[in-house]
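Trainee: Join these two chains into a complex; the hints should help.
Note that the protein sequences, when read in sequence, are chains G and U.
The numbering of the first sequence is the numbering used here, which starts it at 1 and goes up by one.
The numbering of the second sequence is the numbering used here, which starts it at 1 and goes up by one.
Please keep in mind that the hints were generated in silico from the structure rather than gathered at the bench.
The reader is advised that the hints may include incorrect statements.
[To be verified] Which residues of chain G face chain U? A few of them, derived with a C-beta cut under 7 Å, are:
#  : residue
1  : P61
2  : T88
3  : R91
4  : K175
5  : V176
6  : G177
7  : T178
8  : M182
9  : D257
10 : T262
11 : Y265
12 : A269
13 : V272
14 : R276
Backbone N, C-alpha and C fix where the C-beta goes; we use that ideal spot for every residue, glycine too.
Residue-level listing of the chains:
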Amino acid sequence: MDFLRPATLAEALALKAERPGAVPIAGGTDVMVELNFDHRRPDALLDLTGIAELRDWSAVPGAVRLGAGVPYRRVIDELGGRLPALATASRSVGSPQIRNRGTVGGNLGAASPAGDAHPVLLATGAVVEAVSTRGTRMIPATDFYLGVKRNALAPDELIAAVHVPETGAPQQFAKVGTRNAMVIAVCSFAIALHPATGRVGAALGSAAPTPRRATAAEDFLADELGAGDQWESPTPLPDSTRRRFGELVAAAASPVDDVRGTAAYRRHALSVLARRTLDWAWQGYTGRGRPCA
Amino acid sequence: MSPNPAELTSVVGGVGTSPHRPDAILKVRGEFAYASDLWHEDMIWGATLRSPHPHARIVSIDLSDALLVPGVHAVLTHEDVPGRNIYGLERADQPVLAEDVVRYQGEPVALVAADHPETALRAMKRIKVGYEVLTPVVDMESALGDTPLHPGGNLVRHVPIRRGDPDARAAVVVTGRYEVGMQDQAFLGPESGLAVPAEDGGVDLYVATQWLHVDQAQVATALGLPPALVRLTLSGVGGAFGGREDLSMQVHACLLALRTGKPTKMVYNREESFYGHVHRHPAVLHYEHGADRDGKLVHVKARIYLDGGAYASSTPAVVANAATLGVGPYVVDNVSIDAWGVYTNNPPCGAMRGFGAVQAAFAYESQMDRLAEALGMDPVDLRIANAMSEGSAMPTGQVVDSAAPVARLLELVRDKPLPPTGTDLLDLPGGVANTTHGEGVVRGVGYAVGIKNIGFSEGYDDYSTARVRLQVVGGEPVALAHTAACEVGQGLVTIVQQIVRTELGVTRVTVLPMDTSIGSAGSTSASRQTYVTGGAVRAACAAVKARLAELAAGRHVDDLAALLGDEVVDETAEWRHRPTEPIDPVTGQGNAHVQYGFAAHRAVVDVDVELGLVKVVELDCAQDVGRALNPQAVLGQIQGGTAQGLGLAVMEEIRTTGGVVRNPSFTDYLIPTALDMPPMRIDVLELADPNAPYGLRGVGEPPTISSTPAVVAAIRAATGRALNRVPVRPEHITSTERPRGAPA
Numbered sequence: 001m002d003f004l005r006p007a008t009l010a011e012a013l014a015l016k017a018e019r020p021g022a023v024p025i026a027g028g029t030d031v032m033v034e035l036n037f038d039h040r041r042p043d044a045l046l047d048l049t050g051i052a053e054l055r056d057w058s059a060v061p062g063a064v065r066l067g068a069g070v071p072y073r074r075v076i077d078e079l080g081g082r083l084p085a086l087a088t089a090s091r092s093v094g095s096p097q098i099r100n101r102g103t104v105g106g107n108l109g110a111a112s113p114a115g116d117a118h119p120v121l122l123a124t125g126a127v128v129e130a131v132s133t134r135g136t137r138m139i140p141a142t143d144f145y146l147g148v149k150r151n152a153l154a155p156d157e158l159i160a161a162v163h164v165p166e167t168g169a170p171q172q173f174a175k176v177g178t179r180n181a182m183v184i185a186v187c188s189f190a191i192a193l194h195p196a197t198g199r200v201g202a203a204l205g206s207a208a209p210t211p212r213r214a215t216a217a218e219d220f221l222a223d224e225l226g227a228g229d230q231w232e233s234p235t236p237l238p239d240s241t242r243r244r245f246g247e248l249v250a251a252a253a254s255p256v257d258d259v260r261g262t263a264a265y266r267r268h269a270l271s272v273l274a275r276r277t278l279d280w281a282w283q284g285y286t287g288r289g290r291p292c293a
Numbered sequence: 001m002s003p004n005p006a007e008l009t010s011v012v013g014g015v016g017t018s019p020h021r022p023d024a025i026l027k028v029r030g031e032f033a034y035a036s037d038l039w040h041e042d043m044i045w046g047a048t049l050r051s052p053h054p055h056a057r058i059v060s061i062d063l064s065d066a067l068l069v070p071g072v073h074a075v076l077t078h079e080d081v082p083g084r085n086i087y088g089l090e091r092a093d094q095p096v097l098a099e100d101v102v103r104y105q106g107e108p109v110a111l112v113a114a115d116h117p118e119t120a121l122r123a124m125k126r127i128k129v130g131y132e133v134l135t136p137v138v139d140m141e142s143a144l145g146d147t148p149l150h151p152g153g154n155l156v157r158h159v160p161i162r163r164g165d166p167d168a169r170a171a172v173v174v175t176g177r178y179e180v181g182m183q184d185q186a187f188l189g190p191e192s193g194l195a196v197p198a199e200d201g202g203v204d205l206y207v208a209t210q211w212l213h214v215d216q217a218q219v220a221t222a223l224g225l226p227p228a229l230v231r232l233t234l235s236g237v238g239g240a241f242g243g244r245e246d247l248s249m250q251v252h253a254c255l256l257a258l259r260t261g262k263p264t265k266m267v268y269n270r271e272e273s274f275y276g277h278v279h280r281h282p283a284v285l286h287y288e289h290g291a292d293r294d295g296k297l298v299h300v301k302a303r304i305y306l307d308g309g310a311y312a313s314s315t316p317a318v319v320a321n322a323a324t325l326g327v328g329p330y331v332v333d334n335v336s337i338d339a340w341g342v343y344t345n346n347p348p349c350g351a352m353r354g355f356g357a358v359q360a361a362f363a364y365e366s367q368m369d370r371l372a373e374a375l376g377m378d379p380v381d382l383r384i385a386n387a388m389s390e391g392s393a394m395p396t397g398q399v400v401d402s403a404a405p406v407a408r409l410l411e412l413v414r415d416k417p418l419p420p421t422g423t424d425l426l427d428l429p430g431g432v433a434n435t436t437h438g439e440g441v442v443r444g445v446g447y448a449v450g451i452k453n454i455g456f457s458e459g460y461d462d463y464s465t466a467r468v469r470l471q472v473v474g475g476e477p478v479a480l481a482h483t484a485a486c487e488v489g490q491g492l493v494t495i496v497q498q499i500v501r502t503e504l505g506v507t508r509v510t511v512l513p514m515d516t517s518i519g520s521a522g523s524t525s526a527s528r529q530t531y532v533t534g535g536a537v538r539a540a541c542a543a544v545k546a547r548l549a550e551l552a553a554g555r556h557v558d559d560l561a562a563l564l565g566d567e568v569v570d571e572t573a574e575w576r577h578r579p580t581e582p583i584d585p586v587t588g589q590g591n592a593h594v595q596y597g598f599a600a601h602r603a604v605v606d607v608d609v610e611l612g613l614v615k616v617v618e619l620d621c622a623q624d625v626g627r628a629l630n631p632q633a634v635l636g637q638i639q640g641g642t643a644q645g646l647g648l649a650v651m652e653e654i655r656t657t658g659g660v661v662r663n664p665s666f667t668d669y670l671i672p673t674a675l676d677m678p679p680m681r682i683d684v685l686e687l688a689d690p691n692a693p694y695g696l697r698g699v700g701e702p703p704t705i706s707s708t709p710a711v712v713a714a715i716r717a718a719t720g721r722a723l724n725r726v727p728v729r730p731e732h733i734t735s736t737e738r739p740r741g742a743p744a
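Bound conformation, chain U alone (with noise of 0.2 Å):
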């Protein structure tokens, strides 16, 4: 190995290093243990019958054909749920199967259970329901005044923001409408689980997910039970990305697992995935921008619209992120923001890495650029210009109070060289296609950078808990370190024990599966796990060196191992970063947010200009990081977020008509291959945030925001083109898309 900054700390595979992933060398070789892979002594397995349209009224429901197939162990609708039949990440508005009506195409009706997986299926076939097909509601823009959804109408939440001057006028305007079609996760790993009866009435549950303790609170819910009598474990999870923030099969399973007597196994398959899990929120983004002459941002104006499709999920907090992060990292006085999101009869949307931030990010930066070219100037000093940086003030009135070097990520990225031109094949737009040999190709290149809020916001008592035990076994102090904390393939097992490296001094880390034996470790997502588990599990750390220190006794002491003896030291620590606050409804003023993270991308890409192919050649990134605890891990989180931003760029899709998915399939919701992510190069700044352990800054999310806007602007450059809708597709570059409203 190469020298690294591990030599400048005093144990191995501390904090600044990368050691390697303790499941790494099991996921290489396919041997890794996913939920999928879940398996017990006489299991029986689940299944789900979904709606097949967006809005329906339940007329009846037929189960007699379907509990005569051998092997069938239960059939279970909604009347079979002993507790609260509704649910929800923030709002409590999600049937855990449908009573009266379903509001998206998917929507869970019925279970059943039986002794083989097809068994479960083909009796789920014989399931008869009938439904009254209602009208869809799956405009976002008009969903307000449309039929409400909801006993409260079809607002989830409106998040408007006011500051400066609202009538500031500019000597150079431009105004743009900008949409940003339906991402998904995408994770490979299925949602999957296993629950097991015990023997006390309550239930085991294995399962991939990112928060433990709010999924158990609300199965406890709604099974009825104390929240003591759901247990939770994690499963081997393969990619979150926030799609597993909301319940999928966690209540189903249990339901059918306590009505049999038997653990039951759920695990959906590529198709059931896409209905089985909220994707990222569909926007309409309405922008105006205002300079003066030289540049300078005089005003912004915003109207946005989220789909939040049937149920809430996290809508709520992702309207307040698009808003209070609508005008980007730049200095502007004068704002004006409102942002809503809507219920509409589309699939639910919720969490997905960049939550809000992304949506908005598209249209400001794709304004910014408008901004550039009706001034005559370069996108990257118009961007310079107006970049806030340590001391500014967002749009909240929130001053940012550590670093924000938003001109230095832009010049990073502007000043590398630019990449030479393809010739091989696998070089051009089409690949191994053999659409063109250079024909039609021109190249052309963009910039973006993005904001991020880190952690949760808006005063949510955000913590985490973290328990550390130290003591000798074969003569060498053990630690073993054991949180809630999900891993969902981002590495904090690694990290996890690297902190206790360094700040114990040990090299043996244990760390335990993740469970609700342990107080809440909040969720794997808001790039927030490092921040805050990190901040738990160093202070816990903390806890057992006070221990440490009286067992010491004023002693100095070499020999951790001869001064633990057979003590065990055993300490649990719940740590919190410092509280956030609400905005001001009316305003939106407020310090909402605790951290604020930073990237920029360069964007270069060569488009088929006659086929509307895009070959991205490069995908240049600087973030700043705070400090990278573990720098391959923070390498990868780039890579990956940079991919996810280019996928919604050029292809990644749910294509819906009236509600209905049209692509719930790796066949036809695509996501980038190696030959369309090129390689990175990456620049890692670590500027230091005093409030944060370590002067960490959350990484997972950043990359994921400016990478979409840079590519487009790329392409953008390469065609002329107008180009506001992401993904771009062939069509939008050769103009030969379906007319609006055109039959499909």
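Chain G with its partners taken away, still in its complex shape (with noise of 0.2 Å):
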């Protein structure tokens, strides 16, 4: 197996048109797994460490630009504000040795079904950057996962960044898993509110093939907001538009019976998670919660 080292981006794009069947390597928390279990055997691994264009985020109109090398140590440490709901999701990651090495971009890089920032990054509208010695392609999160630990990038490209639109408004990630701390998601779920555009981001997690929004749910609850006026002036909602909610995201789900959870638990849960971020996020809008946990 040949390790590859580039110093800069343009070199790491050079390697991988050449040898697109490098894996591409940063906290090694998810690659590394794979290999000493003998999973996977790749002819080259491609180390992003050494990229300093890769490190870093920046704030850019409307969104923060988080460079795909950036550990989820940093995106609680620097991005709660900012990207409240990623923060959130970020915190619920692995173990505190995990969180410093362990980065967005490898979390979609994997596009494991249970990746804790997928749900967050689909439900505020995040776009992948994805280069190559081609140039620039602009991926939404919703097109990107195709399936199961599959995405859409091409074998010559890796992820420079992920935007993630800064809203300014509540958002909100929850995680159901069997341990309190440094566990896999049975499910997950993410809400995110957007004034701006009457819209309303929801997506869950561990509970299909790959992480996916739930639309219908989207649009109910953007139709429910819409028809009376809540953006303007809102009120508390009534029991039976969150309990819709919190049904419809249960339906959006495609969940499998595993060891971690039966379908029916994670369907179940993914209502009352619904339900309660739904609670929190609206709660904030109204000014009368915290905007985040």
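Mentor: Right under this line is the structure:
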């Protein structure tokens, strides 16, 4: 196995074009597990840790451009105000050691249905910046997840960054695991209010072959909020709305029975998470609660 | 340092104090050498090919492709086992390498040695084994009538207990069926060892284990060598909890080393570790409790099934524990218990902390709560009303002849103030995963108390051997202590030093590496090492003191160094606890156990009843330890045992389907983190047992036993659910489990 260590992004892209089978590695929290358990034996690893361009985030108009190599630890420490739901999701990732190493870019690269960042990226409308020697492609998160651990990257592409909208509006993430820390999601959910466009983002993780948006739930809630002029003069949401939103989120899932949980539990838990996170987000919007956990 | 009982003894770091462990700094700094760190010039690496099937006939084995891999030194099958290809802790029934049949997923079939671990793995994958897959036997309750997996059928052992009137009737009767899932020891240091071939035709094995001499005997038999040619030295052990009582890689590494003439190392990875050691027996327990209207127990009837898996391991003794301790620490005149240990094609099960007492306690403590509810009584009052005490008789007829402060332990945990409700995410079910800000959270409180036998039982000759050497080095008296007693993390090395300091009045005590050049110390299990090896060290010190008295020849000598001069005093002692007796095979009556240990817990849990998530807010414990030889180590044992019991209550289970393990990883076999295990308040009672050295009582297991039922009782109190199975999963609390028998 070759270990390729480019010093610049340009060099990395040239290597990736030349050897599309090379597996990118940053924190190694996913790739190394697969190698150690002999689940995967790539011809080459493409070590991205030496590339300065990937290691930082910057504010761009309306969004944060988050370099693919920024670890969760820094998302928590530095972006809690701008990207509250992504910071909450990052806080629930693994252990302190994993959060020091693991990256949102790596989460996207692995495209596991259980990745903690995915529901937030979907709900907030994030866009993946994919680069290759051929140029740059902006791929909406909605179009990024194609199947179990499959994403929309071409073999010669690398993730340079993900652009996460800075909405200034309430957003929430919640994840169910069977332990109070350091646990893979049994299911997870994110909600983002988009008052500027009158939309709602809602997405789930670990309850379908890919992370996915709950579009019927999004549309239902957007209609409810729009119809009642709730964006302008918010009032507490009726129980029927909260409950229906939860049901629609649960209905959007295609969960399986596995060792981590039953399909029935996942659906049930998603409906609870959807209802609770909506409550918290709406309390935040009406100014009566905290903007995020 | 604050004043402590150390000042009461004449020497610093003696019995009753908490001196630093000799390995403490190395371990904290990550510099301690565990068995997986072993290294030898020119060593090669072994790998084990394991059966993917829980039950299959081996039709063919083709090694040719594996032998062609460059760097491979040897590929071995059962045909290469020079001695007896069958071993076992209590009953020899397990092949070193499978012959015509495999009986569990993960059973070793062939071995490879190569100059690099990766090469060994690659070659291993080129071995072609033809299997004829057979239907696995996986249900413990019907196993006795199913396809026999061993020549004598599927019964490993049946233990009946009969006491009093079998037809006793009670005013209030409660029944229940309980299940305990398969818990794993989940020690952090995987199985590992290094076998070095010796010029005399023997082998030196450096290994992480719990009992060097029982390994030595089994390895020698398999290798066809006299025991003197199989020398074992304990390597750094990263936890054990019973999981290292059976052999794992010991014979395999020696086979490869002797065949290749090269030092051979084997180390399992985490997944292989799940296949490489026995687990806690899953159990199904049917109980009936009867009481009069005042809550006085009239009778207990029970049928207990323990799934031993493919091989016997220590199932016979586990069955005896479940039966003899099956009513718990209560006085009951009429008892009828049957416990069966059976063979199946599930993973082999054997020793794990609590050893049969854990399974029974979940059932009998659940029953006590159910009985309290039926009687309209407080669950602690009911327990206290039936609590045994010194002088009470066990269902075996054995009279408990030292302290049994069951009622006091319950009162201690009951009378503590209750903790406040948390507000931070870290204090709530779900933790930082942000699942609740208080919604759906209901608090529950639960109690449990348990009983455990200490030491080996049923007439076993349970002894230990210790050697103590005293001489002057650099003008100062220095002691050396040597035993074969395995230090597995519990701190026996410190205890040995403390005892020598106290007995001989010397400060400097060096503990030699544990090996088989001295007599057996018995197993580091059954909460017995401080008792038995501690007793042996004290006996060796007594012999040294007798020799010193001879040297003094009646003079009073203050200066030990002056008395010793150039003399080297070197004494070895074998020490055994008072004998126990076998139990009657028909009635289960007999003085089977040497000592009993007791602990009680109160659990306070916050349950998110909508999501089924649990936060154990508090899990306080009271335990009698007879005498705390090392108070800090005692607290450590109580904390650790409690955490392991909490794990069984809410998360720890090896899940199998048709005998196939579904979660052989720490990703999916979850053990409690610091956010799952609350800080503990612990009451340690020191009610001396006059029969035991220093009055001590074994500490390691009792806290594991009462922790599990206390946590589940608290979850029941919060949810109103029956919860007859551990671990409790969110599905059980929210009624979203998969229906029984539905496909996975």
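Trainee: Are the hints correct? Go through all of them and say.
Mentor: Going down the list of hints, with the structure as the test:
1. P61: At about 29 Å, which exceeds the 7 Å cut-off, the nearest Cβ of chain U leaves the hint on P61 of chain G violated.
2. T88: Cβ of T88 of chain G sits 5 Å from chain U, so the hint holds.
3. R91: holds, 5 Å
4. K175: holds, 4 Å
5. V176: holds, 6 Å
6. G177: The hint holds - G177 of chain G has a Cβ within 7 Å of chain U, the shortest such distance being about 6 Å.
7. T178: Holds, about 6 Å.
8. M182: Check passed: Cβ of M182 of chain G comes within 5 Å of chain U, closer than 7 Å.
9. D257: Result: holds, 5 Å to nearest chain U Cβ.
10. T262: Hint on T262 of chain G: holds, closest Cβ of chain U at ~5 Å, below 7 Å.
11. Y265: Holds: closest Cβ of chain U sits about 4 Å from Y265 of chain G, inside 7 Å.
12. A269: This hint holds: A269 of chain G lies near chain U, its Cβ roughly 6 Å from the closest one there, short of 7 Å.
13. V272: holds, 5 Å
14. R276: holds, 6 Å
The earlier numbered hint that this structure contradicts is number 1, and it is the only one.
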